[in-house]
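Assemble the whole structure, with the sequences as input and the hints as a guide.
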Amino acid sequence: MTARLAAHDLSVRYATPLGDVHALRHVDIEASAGEVIGIVGESGCGKSTLVTALANLLPGNARVSGSIVYNGTDLVGLDPHRQRMLRGDEIALVGQDPMTAFNPVLTIGDQLVDFQHHRHDLSRRQKEARIAETLARVGISDARRRMDSYPHELSGGMRQRVAIAAALMTDPGLLIADEPTTALDVTMEAQIIHLLRELRREFNGIIIVVSHHLGVIAELCDRVYVMYAGEVVEDGDVDAIFHDARHPYTRALLACDPARFHDRLDRLPTIPGSLPSLMTPPAGCVYAARCERAFAPCSNTAPAATQLTATHAARCHAVHA
Amino acid sequence: MKPLLAVENLSVTFVRPNLFSRLLDPNPPPAFNIIDAVTMALMPGETVGLVGESGSGKTTLARAMLGLVKAAAGTIVFDGRPVRVPADFRALRRRAAMMFQDPVASLSPRLRVGTLLTEPLAIQRVPMPNRRLTAQALLARVGLPASFVDRFPHELSGGQARRVGVARALSIKPDLLLADEPTAGLDVSVQGDVLNLIAELKRDLGFAAMIVTHNLAMIRHVSDRLAIMYLGRLVETGPTQDVFAEPLHPYTATLIASEPVPDPRQRRDSLAIRGEIPSVFSRPSGCEFHTRCPIARERCRSEAPAYRRMQGERMVRCHFPLETGGQERDAFARASTNHRGKRHDQMDHRPA
Amino acid sequence: MSSVADSDLSGLRRRRFPALQALLADPITGIALVLVVGFLLTAALAPWLAPYPPTQINVLHKLQPPSAEHWFGTDHLGRDLLSRVIYGARTALMIAIVSVSIAGIVGLILGLIAGYGPRWLDGILVLTFDSLNSLPMIMFALAIITVAGAGTGTLILVIAMTSFPSYARLIRAQTLALKNSDYILAERLFDASPFRILFIHLLPNVVGPLIILLSMDIPVVIMVEAGLSFLGLGVRPPTPSWGSILYDGYTSIRAAPFVVIFGGLPLILATLGFTFLGEGLRDYLDPRLRAGRPG
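Chain order of the listed sequences is A, B and C.
Here the first sequence stands for residues 2 to 322, where the numbers follow our numbering.
Here the second sequence stands for residues 22 to 373, where the numbers follow our numbering.
Here the third sequence stands for residues 497 to 791, where the numbers follow our numbering.
Source of the hints: derived by calculation from the structure; they are not laboratory data.
Quick caveat: nothing in here was measured; it's all calculated off a predicted structure.
Incorrect hints may appear among the rest.
As the list claims (entries may be wrong) - DSBU-like, lysine-lysine: derived pairs with alpha carbons at most 30 Å apart:
(1) B:Lys91 / C:Lys675
(2) B:Lys23 / B:Lys223
(3) B:Lys194 / C:Lys675
(4) B:Lys223 / B:Lys91
Claimed, not checked - Over 12 Å on every C-beta distance to chain B, these chain C residues come out as not near it, computed from the model:
(5) Tyr548
(6) Val602
(7) Asn629
(8) Val716
Said to hold, decoys possible - In silico negatives: residues of chain C with every beta carbon more than 12 Å from chain B:
(9) Val530
(10) Pro562
(11) Leu573
(12) Leu638
We treat Cβ as the ideally placed atom computed from N, Cα and C, and that holds for glycine.
Put into structure tokens, the structure is as follows:
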């Protein structure tokens, strides 16, 4: 079965003593097997909430509405046992800091054996063979020796490779990489990007890459969702997002990246203003307060998605097909 | 012009902390140089970018310059006077300010922003008729509302804490600002804000700045000169635009080529660099970069290259620097391409 | 030096929002505060609250169960238990609070110095802490009493001397963890004096766990005082203390269980009160916890 993921009208709010935080509002996401989906946005845009919702790891005070349909199963409201089954088998998550993903007192090999605990059909020897094979796949040549190492004995880049290997162990249909290169140096980042690109050739599931780094998204993804203040403001093919961005926020975000300019700038571009409060999200467009092109309807009517092409949509009053 | 801060052959050594094992061992292990004989100068008013990966020793170098880390060897000259004893360092620190990587963690957590902002002035006994008003003036200077005097550090966002850090560093009107990863953890839309603010204050106050970072895309726009560090040694220095246009050291070239380009039409099919930065405790023989260098030859394995002057102000530590049109640059391009058998077009696509 | 630091801050300090109100935000802390204040008031107003003199012996009425006349009953010498519990609060709280405060202050200062000072000084101090910690308290108390004579003052000295090392170790560990943090480095860069770093920047960040430990130790000290008093090393009879009431009660626990119950109840309530007050104080002292979790 080819994996397919569709989130529809997904909203998440966190109940806090000070009031509800509307972290995610009316988000639609679609992905099919073989695709690499990018989710890009700055802090507070809701990308972490979206990822945790997809991985079914939201904290207890989260209230979810809408649907996340994965291979015909709605993950919202699924009973805890089946959630765990799915998470172990079908959905794998690679986090930002690979150090915290591992237990510091067990060797890498022991932990990777443990990750396969549901494979009762395999002996420990077979499991170890699978580990060696998977570690080789992520570019760790001396796999046998690495299996005897403890997490702290590995460098950040090596740990991230092991974390990716761990995610692949279960043969997931959905691999979520949450800021996979943020904690790494630029040379390691290039190597992890390279690795993820190589992997997608053989991997037949969905890969979701979440990052605030436009370069990482441009290097890796086929389709991109741009998020701002808990909403998807624009989505489209990677080329359309980077070369024909239509939403003013996407344009401003791209314009801010100093990597786009090779000549020295005396003043780096910025986006003036700040995020709206997620406690009381604005009635109109979430970006209206910071938008250069804002006009009357922006402050009181939330814009609907304008379909620009079959695969490119933006939520903005000023954008017309 | 006379340099504001000059260090010569500065070394910082890591010694086994365990006295007992040192006494027992008749042949104590050699001391490891975390910073190895660094020579560099900072001119008044200029901005130097100190670039390297984690483990390159760039933060240690910055701290050693201010005496926060003890140097094992070398000289430091600040404003024409040698800095030797702790009292000299104290005098130096009174004219220098440092911004730390984590903006929130570098603010004392139990004090309010107002107290924190004016504390350096209070320590230096600068007369302040009204601390609250002084704090508010400093806040206004960095574009934060006056009401922030009553906030605690944890109530600030990363960008706001950064601004408070800038205001605090500049309250004493320093001649020198050392900024350690000033944009770490900031969103791109905010990072420009902080850098613009530093640039603006720099124009007004005229201090010299050293920005320690691994963010090449950012440093390109805010520095006059670059110093590239690898395993505790400088491998290349030169004017920023020149270094980006024509890196001389293969390490600099690979760093620039590794930076992801925010353009899906310029995806890289090959990998400019493999492997990881070695540990200073097992420094490779010869040229320390030979284990990862795409154009390393036999000589690089055995003989350590000298740090030598190339055209103009540029310095490089390499036997085979990538000179314009030179065979090394061609060899580098070929070496990078051959990895995947595809054209490595990175260097050509990034005009100066 | 301290006056400089204080006056520096005074110009800035906004009127703090009423401390009590913030402290009472948590109802459990409120109940704990009521308990502790109740005990303090009881101790202070003992002569007016107690229905009988606490040492008035009436052997004819010994071990009487609670009645309208004697709400808590009477003990083995016929003394009114309620009066003894009320007066006992005085002895218990005075000894506990004074000795724990002395130990806390000494431990705080020595711990800060050991943690932030030079290595050789740290070595000497840690050796001192460990030596004191390794002394058996009863033996130590006997030795001191032989020299100084039994009594309340000696008791306080013994308790303070034996408990400050653990406070000092706690503070030292916290100080060591914080001394290389970014904000301390930043302060050193601004040329802040060691005094300023220790008492303005380190102290408020290390004192929280100590306060909790201190308030949780108060009931322990009350027990220690009772034990030592029982051995004749502490409060001299007939001065009432909760400890001696309890120990007296154990001898007649079958015949008159109410003595242990009413003697133990205030100890339990005091333990709960001081413990929860300690936790409430910690939350109040730490602005990060006070503000609640960030969204």
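Structure-based check of each hint:
The suggested pairing of B:Lys91 with C:Lys675 holds, with an alpha-carbon distance near 16 Å, which does not exceed 30 Å. Pair hint B:Lys23 plus B:Lys223 holds up; C-alpha atoms about 19 Å apart against a cutoff of 30 Å. At roughly 27 Å between alpha-carbon atoms, B:Lys194 and C:Lys675 fall within 30 Å of each other, so this suggested pair holds. Our distance criterion of 30 Å between C-alpha atoms is met by B:Lys223 and B:Lys91, whose separation comes to about 29 Å.
The beta carbon of C:Tyr548 is kept farther than 12 Å from every beta carbon of chain B, the shortest such distance being approximately 49 Å. Separation of C:Val602 from chain B is adequate, the least Cβ-Cβ distance of about 23 Å exceeding the 12 Å criterion. With a minimum CB-CB distance of about 24 Å to chain B, C:Asn629 clears the 12 Å threshold, and the non-interface call stands. Every CB of chain B is more than 12 Å from the CB of C:Val716 (nearest about 28 Å), matching its label as outside the interface.
The beta carbon of C:Val530 sits about 28 Å from the closest Cβ of chain B, which is more than 12 Å, so the claim that it is off the interface holds. Every Cβ of chain B is farther than 12 Å from the Cβ of C:Pro562; the closest lies at roughly 49 Å, confirming the non-interface assignment. Every Cβ of chain B is farther than 12 Å from the Cβ of C:Leu573; the closest lies at roughly 53 Å, confirming the non-interface assignment. The Cβ of C:Leu638 lies farther than 12 Å from every Cβ of chain B, with a closest approach of about 38 Å, so its non-interface assignment holds.
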